[in-house]
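Residues per chain, in single letters:
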Amino acid sequence: MRVLITGGTSLLGREVALTLQERGDTVRLFQRRSATGTFDEHLGDINDPAAVDGAVTGMDAVVHVAGRVGIVGSWGEFHQTNVTGTANLLAAAQAEGIDRFVHISSPSVAHSGDSLVGAGAGPADPANARGHYAKSKAEGELLALAANSSNFPVLVLRPHLIWGPGDTQLVGRIIDRARAGRLATVGTGAALIDTTYISNAAAAVVAGLDATPDIAGRVFVVSNGQPRPVAEMIARIVRAAGLEPPTIRVPFRLARTGGLAVERIWDRIEREDDPPMTSFLAEQLATAHWFDQRETQAALQWRPAVSIDEGFARLREWYSQQ
Amino acid sequence: MLPPVGLEGLEPSWSRLITATDADGVERTWHVLDNRVAEPTLTVLCVHGNPTWSYLWRGMLAGAPPDVRVIAVDHLDMGYSDRTGTLRRLQQRVDDLSAVSAALDVTGPVVTVAHDWGGPISLGWAAQHRPQLAGIVLMNTAVYQPEGSPAPRLIRLARSKPILDQLCVRTRGFIEGTLRLTKRRVSKSVRTAYHAPYHGASRRQAIGAFVADIPLEPDHPSQSVLEAIASELDDMADVPALLLWGSADPVFSDLYLHDLQRRLPRAVVHRFPNASHLLPEEVDVSAPVFEWIADRGGPSEPADRDRLQRPQLWHEIDRRRGDGELAVVEMDGTTPERSITFAELAADVSRVAAGLAAHGVAKGERVALLVPPGIDLTVCLYACWRLGAVVVIADAGLGARGLTQAMKSAAPSYLIGVRRALAAARSFGWPGKRISVDPLGSTQARFFGVEASLDDVRERGGAAATPEPPEDEDVAAVVFTSGATGPAKGVVYRHHQAQAARDAIAAMYDVERDDKLVAAFGPFALFGAGLGITSVMPDMDVTSPGTLEATALASAVAAVDATLVFASPAALKNLVATAGELTPSQRAALAGVRLVMSAGAPVPAQLLREVSRVIPNAELHTPYGMTEALAVADIGLVELDEVGEGEGVCVGHTVAGVEVAISPLDDFGNPAEQLTTEPEIVGEVCIRAPQTKERYDKLWMTQQASAQPEGWHRSGDVGRLDTEGRLWIEGRLIHIITAPTGVVTPVGIEHAAQSIPGVTQAAAVGVGPTGTQQVIVVAVLDDPGRRAGLADLDLADRIRDAVRCDVAAVLAVPALPVDRRHNSKIDRSRVSAWAESVLAGKRIGRI
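In order, the protein sequences belong to chains X and U. So the first sequence is residues 955 to 1276, counted in the working numbering. So the second sequence is residues 270 to 1116, counted in the working numbering.
In short, the hints are calculated from the structure, not lab data. Some hints here could point you the wrong way.
Unchecked claim - Short, incomplete list of chain X residues facing chain U, as computed with Cβ under 7 angstroms:
no.: 1; residue: Gly1141
no.: 2; residue: Thr1241
no.: 3; residue: Asp1246
As the list claims (entries may be wrong) - Computed spacing ranges between beta-carbons, pair by pair:
no.: 4; chain 1: X; residue 1: Asp994; chain 2: U; residue 2: Glu947; range: 56 to 66 angstroms
no.: 5; chain 1: U; residue 1: Thr945; chain 2: X; residue 2: Asp994; range: 58 to 68 angstroms
no.: 6; chain 1: U; residue 1: Ser458; chain 2: X; residue 2: Pro1077; range: 22 to 32 angstroms
no.: 7; chain 1: U; residue 1: Thr461; chain 2: X; residue 2: Ala1100; range: 35 to 45 angstroms
no.: 8; chain 1: U; residue 1: Ser458; chain 2: X; residue 2: Leu972; range: 50 to 60 angstroms
no.: 9; chain 1: X; residue 1: Ser1066; chain 2: U; residue 2: Thr461; range: 49 to 59 angstroms
The structure displayed is predicted, hence computed values, not measured ones. We treat Cβ as the ideally placed atom computed from N, Cα and C, and that holds for glycine.
Make a model of the complete structure from these sequences and hints.
Rendered as structure tokens:
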């Protein structure tokens, strides 16, 4: 199978590419900057229809990982990449006659801020999703699902909090803050959160790619199925890097109020870096979000091969070699 | 007229208008709900009370099986039936109902279903239609004003003309008040529906008229009609009847239930302790009604084909009536305080039995025994059994609230109690005529409402003839469960079942006639004299078994050279802890004990090992059983050590005559109907034995659910049989965790967690939706902090390493909630609710 992967420099994009390559599929990456490794690469911007057309030419399948992530930036910036970019890719793929399309989304597209306890994959809800990222991903997901047809099967996967060695998003930020002494536990730290070890996420995407014709049009949350209290998760990541877990505690209300204030300041002064706290982050850290994985595992015929403890062991190993 | 469309839960297609000639010969139009089943196998005729309307029965129409026609009639002047402008009394309402049922072409068998003042109307109809009457269902109603009910006072108050008008007619007060007579809030849309036909005083006239028609005076026009209905009801004792009762009803209290039960002795009863007057709005009544209807014609009593003939319960006492050996000894500290020989006991039992009969206690009547274990309890118990009275036994460990619930539910006619019990009975209004164990002065007797003392009873008994003994089929006892999992339930035993329990205990421990028993464990203590052996009650507070001291136990052993010791784990724990105070002679006495039995809660093998150092020559045993089935299985320390650790607690092989089978669980934790004895299959433990209960008392639905398949008792415990046929218990059915990988049972996880140094006690619970739950371990540490929270990472690691399944979180708490009676059964439901909230990120409160 000839598979185009967008967002090949991301943790997930790269891992999916390696997994597919390893089993003998032909892989092409599409992103702005060159990725490491030996891949056929098309460099370009997903907002550029011509570049996108070129990337899909000659491909059988698309795994759409690319997206704008994070908590800073204007709605326009998020919309351009996550909505317009997705539309460009869908149009190009349909024109090319691609026979399967896996759209990578996020559980946050269906999350309005309440606790999620053993939740399923609810419908994407741009109106109630929290923040530019989640709203734009929700719109992108709806576009992808709308494009689904028998000629053009689309599958949506929402991996939750991917982490692992080399991860700059979740693990990297936690470690940076821990090193700077700015890592705090928000609320009680007891909220259960689901996470996904990187190789499990990649295996789920590959399994989804294989199963797409059979389960097209459906949406699945992907996780390790082993939720942990958020404070424990953070402490174990920090320990894996040889650091000490945080001792600072911030009550949830204070964190959320503070986060709101910080967001406004960051907006006003147009800072580009991550703010120390946002109201969205405070909510994420203080409410449970874990998911029912039974349907996901049955439909993808996939099970996470790396347990969460094995994941920490690998992360520790990786840090010890850095 | 027809009800407006859109009333919650009401199908417009059910409504129909039917015209007929009323009791006075005038043509009227009734509104009726009718599911219009053609050629039904049965018709259910539902009759509402005041101030409701047929809307009350919408659940009955919705829940009806396809071959059952359900009709619910609005009385004239009520609901959407005609407003006649007349005053309709009870007799007219009965005749009206007959008129409308004829117009509806109700032929074939009929079951009447009624609530509130619909009760007498439906029974009047029933009396007129005996040939087609197939059953009676009544809910919170009355045909008679029992003594002691506050209802007449309330009704009288409401009936005074100005209040009646104001409350019932001019305002919506009576309807609103009725809708508030629920323990569960009635939703706004349902309240709206109840008010719908009663907008405007002119449409509410009958609500006042209904109240005014309640006969409280002998010369009331409806009094003779109600009396006739009541007396006709007495003739319907053979008609199948179901009584569903909300016992928190301030008007139709349990007293009315008891009156109806007396009139319908074969009625099936389910009492809802936490529901009030408007029962159909509080619980789903259609499910039990239709289940009962389906079941009604089914096999009644399974013919006991080859039941063993066993000696009567008092047989051994009677046999030893010439014997001067001690039967019961009560200890005071380290010295015997009171004792009675078998000869004295036999004579006293006869005398008290005769005296109670002379005092008015009839065969089959219930007598609550609120007397601590000892001579008095032994005398009263066997005297009651001898005369055929039904003893009601509830553990003082239930506490005042639990005992009050138990007494209100069992409703004994007599209550024999010690002073403390009589005081509680007075404060909490327990039912039953009082008999005092202790002699009381006349002032005290008056204060406690005591009719007679036990000595008075003895005196009467001296001159009276000994009554005829009961049959083996007669009911012997109502024993209350511990209430560790919800309100205590009454468990009914017939004489032959109690005999079987006695014989099972004797067989389990090879009790011989020369054995002597130290009875420090309630339920088994009752059987000491019945087994024909000497029993000694050590000095202890029975409500708090942990107070038994080593010296007190040793003195009890020494007093009679006891060979058997029955004690709770808490008592044994204290025995071990206070063993240092034993004198050499006390130690010598303990060396003569051949067997120690500990029951009432899980007994750790380690405790038995420690006990064996204090009582060196005894075999140490722990039985498995429950109030509903005493003496199911047993295991000794030797075998416990042999089987070693496993998933759950090994409770050993079943006792001779007992069958145990497993009802396998599906992924959602639901037990299958089919039972299996295949080894290593986890499921609900089911028991069939001669000593299993007859039924639950006034809990028909609970009984139905527990006695599946017929003849078996579902224990609510989850466990498995091993390849050697031994039974293992892994937890309670309501406490299982339904993980995505399948059902996970808590006990094995808890044992593994408790094996970690530093962990004193642990609970394993599930959080999340059924079928996809995560396993959580909540631990009490040796050095418990004052605050609950996440356990530290190292402890979490150690616990996860010890446990076989994935543990999502480990929480540390200062203490776990345990039941009062055994002080060891963890309330996992409460722990689970707490963990659910904490792990959702909410504030960490107390469990």
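Status of each hint after checking the structure:
1. Gly1141: With a closest approach of 6 angstroms, the Gly1141 of chain X hint holds.
2. Thr1241: Hint on Thr1241 of chain X: holds, closest Cβ of chain U at ~4 angstroms, below 7 angstroms.
3. Asp1246: holds, 4 angstroms
4. X:Asp994 <-> U:Glu947: 56 to 66 angstroms: For Glu947 of chain U against Asp994 of chain X, whose Cβ atoms are near 58 angstroms apart, the range 56 to 66 angstroms holds.
5. U:Thr945 <-> X:Asp994: 58 to 68 angstroms: holds, 59 angstroms
6. U:Ser458 <-> X:Pro1077: 22 to 32 angstroms: Since Ser458 of chain U and Pro1077 of chain X have Cβ atoms about 28 angstroms apart, the given range 22 to 32 angstroms holds.
7. U:Thr461 <-> X:Ala1100: 35 to 45 angstroms: The hint (35 to 45 angstroms, Cβ to Cβ) holds, given that Thr461 of chain U and Ala1100 of chain X are roughly 42 angstroms apart.
8. U:Ser458 <-> X:Leu972: 50 to 60 angstroms: holds, 58 angstroms
9. X:Ser1066 <-> U:Thr461: 49 to 59 angstroms: violated, 31 angstroms
Of the numbered hints given earlier, the model fails hint 9 alone.
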